Amino acid sequence: MLRRVNWPAVALITPAVIALLAVGIYPLLFVLDVSLRQYQLTKPYLGTDYVGLQNYLSVLNDGLFWGSLGRTALFFLLAVPAEVVLGTLIALFVDGTRCRLCSAVLRVMLVLPIAMTPTVTGLIGRLLFNRDFGLVNYLLSLVGVEPIAWLGEPEPAMITIALMDIWQWTPFVALVMLSGLALVPQDVRESGHLDAGYGWHFFRNIQMPYLLPGLTAVLILRTVDILKLFDMVFVLTRGGPGVSTELVSVYIQRVGFRIFDMGVASAQAILLLVLCIVLSRAYVRFFYRQIEA
Amino acid sequence: MQLSRLSIKLSSAFALGSLVLAACATPPATPAPTQPPAAPPAQGGTTQQTGEWSLAKAAEPYRGTSIKCVFLDRPGYRAAIQLLPEFESITGIDVQWETMPYENSREKQVLDFTGQTGNYDCILIDVVWIGEFASSGWVVPLEKFYKDPALADPKLNLEGFFPILLESFGTWNGVIYGLPFDNYSGVLFYNRCMLEEAGFKEPPKTWQELKDVYGPALTKDGKYAFALQSRRGETQSADSFMRMIWPFGGSLLDENFEPNLSSEKSLAGLRFRQELMKYMPPDIVEWDHDETVQALAQGKVAMITEWSAFNAYFTDPTTSKITDCIGYAVEPAGPAGPKPALGGFSLGVSAFSSPEKQAATWLFIQWITSEEKAKDYIRAGGVSGRMSAYEDEELRKQYPYFEPLVVSWKEYGNPIFRPRFPEWPAISELIAQTGTEMMLGRISVEEGAKLLDQQIREILDKAGYYSGKKPKLQ
Numbered sequence: 001m002l003r004r005v006n007w008p009a010v011a012l013i014t015p016a017v018i019a020l021l022a023v024g025i026y027p028l029l030f031v032l033d034v035s036l037r038q039y040q041l042t043k044p045y046l047g048t049d050y051v052g053l054q055n056y057l058s059v060l061n062d063g064l065f066w067g068s069l070g071r072t073a074l075f076f077l078l079a080v081p082a083e084v085v086l087g088t089l090i091a092l093f094v095d096g097t098r099c100r101l102c103s104a105v106l107r108v109m110l111v112l113p114i115a116m117t118p119t120v121t122g123l124i125g126r127l128l129f130n131r132d133f134g135l136v137n138y139l140l141s142l143v144g145v146e147p148i149a150w151l152g153e154p155e156p157a158m159i160t161i162a163l164m165d166i167w168q169w170t171p172f173v174a175l176v177m178l179s180g181l182a183l184v185p186q187d188v189r190e191s192g193h194l195d196a197g198y199g200w201h202f203f204r205n206i207q208m209p210y211l212l213p214g215l216t217a218v219l220i221l222r223t224v225d226i227l228k229l230f231d232m233v234f235v236l237t238r239g240g241p242g243v244s245t246e247l248v249s250v251y252i253q254r255v256g257f258r259i260f261d262m263g264v265a266s267a268q269a270i271l272l273l274v275l276c277i278v279l280s281r282a283y284v285r286f287f288y289r290q291i292e293a
Numbered sequence: 001m002q003l004s005r006l007s008i009k010l011s012s013a014f015a016l017g018s019l020v021l022a023a024c025a026t027p028p029a030t031p032a033p034t035q036p037p038a039a040p041p042a043q044g045g046t047t048q049q050t051g052e053w054s055l056a057k058a059a060e061p062y063r064g065t066s067i068k069c070v071f072l073d074r075p076g077y078r079a080a081i082q083l084l085p086e087f088e089s090i091t092g093i094d095v096q097w098e099t100m101p102y103e104n105s106r107e108k109q110v111l112d113f114t115g116q117t118g119n120y121d122c123i124l125i126d127v128v129w130i131g132e133f134a135s136s137g138w139v140v141p142l143e144k145f146y147k148d149p150a151l152a153d154p155k156l157n158l159e160g161f162f163p164i165l166l167e168s169f170g171t172w173n174g175v176i177y178g179l180p181f182d183n184y185s186g187v188l189f190y191n192r193c194m195l196e197e198a199g200f201k202e203p204p205k206t207w208q209e210l211k212d213v214y215g216p217a218l219t220k221d222g223k224y225a226f227a228l229q230s231r232r233g234e235t236q237s238a239d240s241f242m243r244m245i246w247p248f249g250g251s252l253l254d255e256n257f258e259p260n261l262s263s264e265k266s267l268a269g270l271r272f273r274q275e276l277m278k279y280m281p282p283d284i285v286e287w288d289h290d291e292t293v294q295a296l297a298q299g300k301v302a303m304i305t306e307w308s309a310f311n312a313y314f315t316d317p318t319t320s321k322i323t324d325c326i327g328y329a330v331e332p333a334g335p336a337g338p339k340p341a342l343g344g345f346s347l348g349v350s351a352f353s354s355p356e357k358q359a360a361t362w363l364f365i366q367w368i369t370s371e372e373k374a375k376d377y378i379r380a381g382g383v384s385g386r387m388s389a390y391e392d393e394e395l396r397k398q399y400p401y402f403e404p405l406v407v408s409w410k411e412y413g414n415p416i417f418r419p420r421f422p423e424w425p426a427i428s429e430l431i432a433q434t435g436t437e438m439m440l441g442r443i444s445v446e447e448g449a450k451l452l453d454q455q456i457r458e459i460l461d462k463a464g465y466y467s468g469k470k471p472k473l474q
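Residue numbers (our numbering), protein chains in the order written: chain A, 1 to 293; chain B, 1 to 474.
Bear in mind the hints are in silico, worked out from the structure with no lab data behind them.
Each hint should be verified, as a subset may be incorrect.
Using 25 Å as the maximum straight-line C-alpha spacing, the simulated DSS-like pairs for lysine-lysine come out as follows [as the list claims (entries may be wrong)]:
| # | chain 1 | residue 1 | chain 2 | residue 2 |
| --- | --- | --- | --- | --- |
| 1 | B | Lys278 | B | Lys300 |
| 2 | B | Lys410 | B | Lys375 |
| 3 | B | Lys472 | B | Lys265 |
| 4 | B | Lys410 | A | Lys43 |
| 5 | B | Lys201 | B | Lys108 |
| 6 | B | Lys265 | B | Lys205 |
| 7 | B | Lys147 | B | Lys57 |
| 8 | A | Lys43 | B | Lys265 |
| 9 | A | Lys43 | B | Lys300 |
| 10 | B | Lys410 | B | Lys397 |
| 11 | B | Lys469 | B | Lys201 |
| 12 | B | Lys108 | A | Lys43 |
| 13 | B | Lys397 | A | Lys43 |
| 14 | B | Lys144 | B | Lys155 |
| 15 | B | Lys410 | B | Lys155 |
The structure displayed is predicted, hence computed values, not measured ones.
Kindly produce the complete structure, drawing on both the sequences and the hints.
This is the structure in C-alpha cells:
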C-alpha cells in the first residue's frame with residue numbers, strides 16, 4: 001500500500017535540500033571533476049583535458065605536500081591537547097563556582113576570542129610577538145629573558161601560531177565542556193559527591209562520561225578547522241620563515257592561487273577531505289566506545 | 001555561453017565556501033581570449049576633431065560612467081585618491097577604487113580576468129605581471145586609445161616618461177599596455193644623525209664598505225647598521241634575493257636563457273647576503289616593508305634599501321622620529337657597479353570591461369599619469385614617472401630623494417631586475433621559499449642555488465622556452 005505523501009513537509013524541506021545540493025554537493029562534485037583534469041588557470045592554451053589520476057599521483061609524490069601535512073599534524077599535537085586540558089579546567093571552574101556573577105561574566109568573556117576573525121588574530125599575534133616592540137618579549141624581559149625572535153626562527157614561529165590558536169580556541173572547548181557538565185543530573189551529582197567526594201574520582205566517574213560526546217565534537221571540529229586553517233597563519237607568518245609554518249592549507253593556497261594550478265590544488269583538497277572523514281569516523285568510533293564502557 | 005560561464009562562476013564560489021578545505025576552490029575554466037575585444041566606438045570623435053581637444057569634451061560621451069580601479073595601501077594611491085575629485089568634476093566619470101594588500105592583488109585580478117567578470121576596469125600591473133597579463137590578452141593594447149583622436153590628449157607625450165619605466169612596467173613585446181603610475185627605484189635611505197655620531201660624513205658607496213666599515217660601527221646597543229626586508233613572498237625574492245645578485249655580477253638567467261644562480265658571481269652575491277646578516281636584526285627573515293620602514297623611522301636601524309615610494313613615511317613627523325636626519329643615496333655598488341632595484345606599477349585597461357568603461361578608464365589613466373598632473377601627484381605623496389616633474393627646482397629642493405631616484409632610473413636602471421615573463425610568479429614562489437631557508441642556514445647557499453636552478457629550468461622547459469614554442473622574452 002502506498003503511503004500518502006506529506007506535501008506540506010516536502011514543501012518545507014525542499015528549499016533546504018536544494019540549498020544543500022547547491023552549496024554542498026554540487027561544488028564538491030565540481031572540485032572532484034577539476035581534480036581529474038589538467039586545469040591551469042593562467043594557461044588556458046593548455047586546455048582542460050581529463051588526465052585521470054595524474055594530479056593525485058603528483059600530490060602523493062610531492063614532498064612539499066607531505067611536509068606541510070606533517071607540520072599540520074605537529075601543529076595539531078601542540079594546540080589541541082592544550083586546548084582540551086585548559087578548556088576543561090576552565091569549564092570545571094565556571095561550573096563549580098558559587099559566584100553567579102563571575103560565572104556569567106566568564107561565559108561572556110569566553111565568547112570574545114571565538115568571535116574574533118582569524119585575520120585579526122594574526123595581526124594581534126604580529127604585535128604581541130614582535131621581537132622588538134612586542135608585549136611578550138617585554139614581559140619576558142622583566143624576568144631577565146633575552147628577546148626571542150618569535151616570528152623569525154622556525155621553532156618559535158611554530159610555537160607562536162600554536163599559542164595564538166590556543167588563545168582563540170580554548171574558550172570554544174570550555175563552552176562545549178561546560179554544556180557537557182550542565183547535563184550531569186543534580187541527583188547524580190549529589191550522590192556522586194557522597195560516594196566520590198569532590199576530587200579526581202568525582203571528575204573521572206561522574207563528570208567525564210558527560211564530557212566525552214562534547215570532546216568528540218571538539219576533536220572533529222578542531223581537526224577540520226586545523227586542516228583548513230589559513231588566515232591566521234598567513235597573516236602571522238605567511239608560512240615562514242622558510243617553510244616552518246607552512247601548514248597544508250597554506251600550501252594548497254599557494255598551489256591554487258599563486259601558481260593557479262587548480263587541478264593539483266583540487267586533488268589536494270579532495271585528499272584532505274578524505275583524511276577529514278577518516279579521522280572523524282575514528283574519533284566517533286573510539287570515543288563512543290569509551291562512553292559505552 | 002552565458003549560462004555556462006555563470007554556472008562555472010557559481011561553482012567556484014560555492015566550492016570555496018562549502019568544501020572544508022577552504023584554500024583550494026576552483027575558479028572558472030573559461031579560457032581567456034587570445035585577442036582582446038574590439039575597440040570601443042570613438043564616440044564623440046567627430047566633435048573633437050573639429051575643435052580643440054579637452055578632457056571635458058572627450059569625456060562627454062562617458063559622463064555618468066562608473067569605473068573601478070585596483071589600488072594598494074601605499075602613498076602613491078593615497079595621492080591619486082586625493083586628486084580624484086578634480087577628475088570626476090571635469091569629466092563626470094565616477095572613479096571607484098578597491099584597496100587591497102599587494103599579496104592578494106594579482107590573485108584577485110587574475111580571478112577577475114579568468115572569470116571574465118569585469119569587476120575591475122583600471123588594472124594595476126606590477127612590473128613582473130606585465131608579461132602574464134599582456135600575453136594572456138587580459139589588458140588592452142593602449143594604442144587603441146592613444147591613436148584615437150577623440151580620446152588621446154595631444155599633450156600625452158609618451159616620450160615624456162622615463163624610458164626605463166615605460167619599457168618595464170608598461171610594455172610587452174614592443175606593445176604598450178600600461179602607463180607608469182606608481183614608480184619605484186631602490187634607494188639607500190639612511191639616518192644621517194646615526195652615521196655622523198659614528199663618525200661617518202657620508203653613506204657607504206659600496207656593499208663591501210657597508211658590511212666591513214659601517215656594519216661593525218653601527219651595530220650596537222640594540223641597534224643595527226642595516227635591514228634588508230626578507231619576508232617570504234615577493235619581498236624575499238625581489239627585495240632581498242635579486243637585490244644581492246645583480247651588484248655582484250650575477251643574474252637569474254644567463255645570455256642563453258639558462259638558469260644562472262649557481263654561477264660564481266650569483267653565489268658571491270648570495271654569500272655576501274649571509275655575511276651581511278651579522279649587522280641586521282636577528283628576525284630579518286620575517287621583516288616586510290612595513291617593519292623595515294618603521295625600524296628606520298624609529299631610529300632602530302641606520303640604513304635600509306627601500307623603494308622610493310616609502311619616502312613619505314620618513315618625512316612625516318607623525319610616522320617618523322628622524323624627519324631631520326633622513327638622508328638619501330643611490331644603492332651601494334657591488335663589483336658590477338650600482339644595480340639598484342627597479343619596481344613599480346602601471347595602470348592598464350581591462351579587456352573585459354565594456355567599451356564605454358574602457359574609454360573612461362583610459363581617460364583617467366591618461367590624466368593621472370599626465371605631465372600636467374605630475375607635480376600635484378608628487379606633492380600629494382606619489383612618485384611620478386614623468387621626467388619633466390623632476391626638473392622643477394622647487395620640487396627638487398622639497399624632495400631631496402629625487403636625485404638618487406633620477407640617477408638610478410637614468411644611469412643604472414635594469415629593466416630585467418626581475419624577469420617579466422609569465423613564469424615569474426611561479427619562480428618567485430620557489431625563490432621565496434629557498435631564499436629564506438638559505439638565510440636561516442637550513443640549506444647552504446650552494447645547494448639552494450643548485451636546487452633553484454633545477455626548478456627554474458624545469459618551469460621554463462615546461463613553458464616551452466627551450467623547445468622554441470615561446471620567444472625568450474624577459
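Verification of the supplied hints:
About 15 Å separates the Cα atoms of Lys278 of chain B and Lys300 of chain B, which keeps this hinted pair within 25 Å; it holds. Restraint check for Lys410 of chain B and Lys375 of chain B: satisfied, since their Cα atoms lie roughly 19 Å apart, inside the 25 Å limit. Taken as a hint, the Lys472 of chain B and Lys265 of chain B pair is honoured in the structure, with Cα atoms around 23 Å apart against an allowance of 25 Å. At most 25 Å may separate the alpha-carbon atoms for a hinted pair to count; Lys410 of chain B and Lys43 of chain A exceed this at roughly 35 Å.
Distance restraint check for Lys201 of chain B and Lys108 of chain B: the Cα-Cα separation of roughly 47 Å exceeds the 25 Å cut-off, and the hinted pair is therefore not satisfied. Straight-line distance between C-alpha atoms of Lys265 of chain B and Lys205 of chain B comes to about 20 Å, which keeps the hinted pair within the 25 Å bound. With a CA separation close to 17 Å, the supplied pair Lys147 of chain B and Lys57 of chain B stays within the 25 Å bound. Proximity of Lys43 of chain A to Lys265 of chain B is assessed by CA-CA distance (about 34 Å); at most 25 Å being required, the pair is judged violated.
A threshold of 25 Å between alpha carbons decides the hint, and for Lys43 of chain A with Lys300 of chain B the separation of about 45 Å lies outside it, so the pair is violated. In summary, the hint linking Lys410 of chain B to Lys397 of chain B is supported, as the alpha carbons are separated by about 19 Å, within the 25 Å threshold. Distance hint between Lys469 of chain B and Lys201 of chain B is unfulfilled; the C-alpha atoms sit about 55 Å from each other, more than 25 Å. Proposed proximity of Lys108 of chain B and Lys43 of chain A is supported: the alpha carbons are some 16 Å apart, at most 25 Å.
This hinted pair does not check out: Lys397 of chain B and Lys43 of chain A have alpha carbons roughly 48 Å apart, beyond 25 Å. For the given pair, Lys144 of chain B sits about 17 Å from Lys155 of chain B by alpha-carbon distance, which is consistent with the 25 Å threshold. For the suggested pair Lys410 of chain B and Lys155 of chain B, the alpha carbons sit about 23 Å apart, so the restraint of at most 25 Å is met.
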